[in-house]
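**Q** Could you put the whole structure together from the sequences, leaning on the hints where they help?
Listed in order, the protein sequences are those of chains A and B. Residue numbers for the first sequence follow my numbering, beginning at 39 and rising by one. Residue numbers for the second sequence follow my numbering, beginning at 17 and rising by one.
No false leads were slipped in.
Okay, derived cross-link-like pairs now, DSS-like style, lysine-lysine, Cα gap no bigger than 25 Å in a straight line:
| # | chain 1 | residue 1 | chain 2 | residue 2 |
| --- | --- | --- | --- | --- |
| 1 | A | Lys144 | A | Lys115 |
| 2 | B | Lys78 | B | Lys60 |
| 3 | A | Lys144 | A | Lys87 |
| 4 | A | Lys115 | A | Lys94 |
| 5 | B | Lys60 | A | Lys106 |
| 6 | B | Lys60 | A | Lys90 |
| 7 | B | Lys87 | B | Lys43 |
| 8 | B | Lys60 | A | Lys144 |
| 9 | A | Lys106 | A | Lys94 |
| 10 | A | Lys87 | A | Lys106 |
| 11 | B | Lys60 | A | Lys87 |
| 12 | A | Lys144 | A | Lys98 |
| 13 | B | Lys67 | B | Lys78 |
| 14 | B | Lys67 | B | Lys87 |
| 15 | A | Lys144 | A | Lys94 |
| 16 | A | Lys87 | B | Lys43 |
| 17 | A | Lys144 | B | Lys78 |
| 18 | A | Lys98 | A | Lys87 |
Rough simulated footprint, nothing fancy, chain B against chain A, three-plus residues with beta-carbon under 8 Å:
| # | stretch |
| --- | --- |
| 19 | 74–82 |
| 20 | 142–151 |
It is worth saying that the hints were derived from the structure and are not from the lab. For each residue, glycine too, the CB sits at the ideal point set by N, CA and C.
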Amino acid sequence: GDSVTQMEGPVTLSEEAFLTINCTYTATGYPSLFWYVQYPGEGLQLLLKATKADDKGSNKGFEATYRKETTSFHLEKGSVQVSDSAVYFCALSDRRSGYSTLTFGKGTMLLVSP
Amino acid sequence: NAGVMQNPRHLVRRRGQEARLRCSPMKGHSHVYWYRQLPEEGLKFMVYLQKENIIDESGMPKERFSAEFPKEGPSILRIQQVVRGDSAAYFCASSALPPSGQGANTEAFFGQGTRLTVV
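**A** Below, the structure is given as structure tokens:
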């Protein structure tokens, strides 16, 4: 079945450092790809998404490009802030009979220090 | 417009008891999904419901687990005779339309989750 693999955390960075969180996927179709973020004590929020190959999703300084040839959707940010500390989940949509459910990776915790 | 509301946030049950988790979708949303996050695991899809209908329960354990989304009131995930292995975070999400991956109305919004601990 479909699966998502993302790098294990925690990832610890200093403020203004460059961030990469790797995500690769296995899917039988052409899924849409997502990054969700979970801040402490809150639910998951959609951070960005891409629906087809070579699409780039971006939001709040974060970017990820849908790479079909490498089945990857790595999350990047040029300069992280303390407020970016959270758990980040990579996910894909699994289209079934006209609707989709989400398959998630295990999540990567990001800790940013001042 | 309040977001997806789940309660309780934390639930402790002894082995053999029943756990009832509630989810109120966002206003105007008629599609609800339940996911489970076991320790050190990603979220796993459990069930997808529309009002009064279960559309896909392929991720639900065959026994002890049930879900409903009545015409009035919240969606309920019920776990009967809980065991220690049921300890997990249970997340609910809702959307206005089936999430086919296209368009803003298909986005699923998540609640804060219910953390179930079985002792």
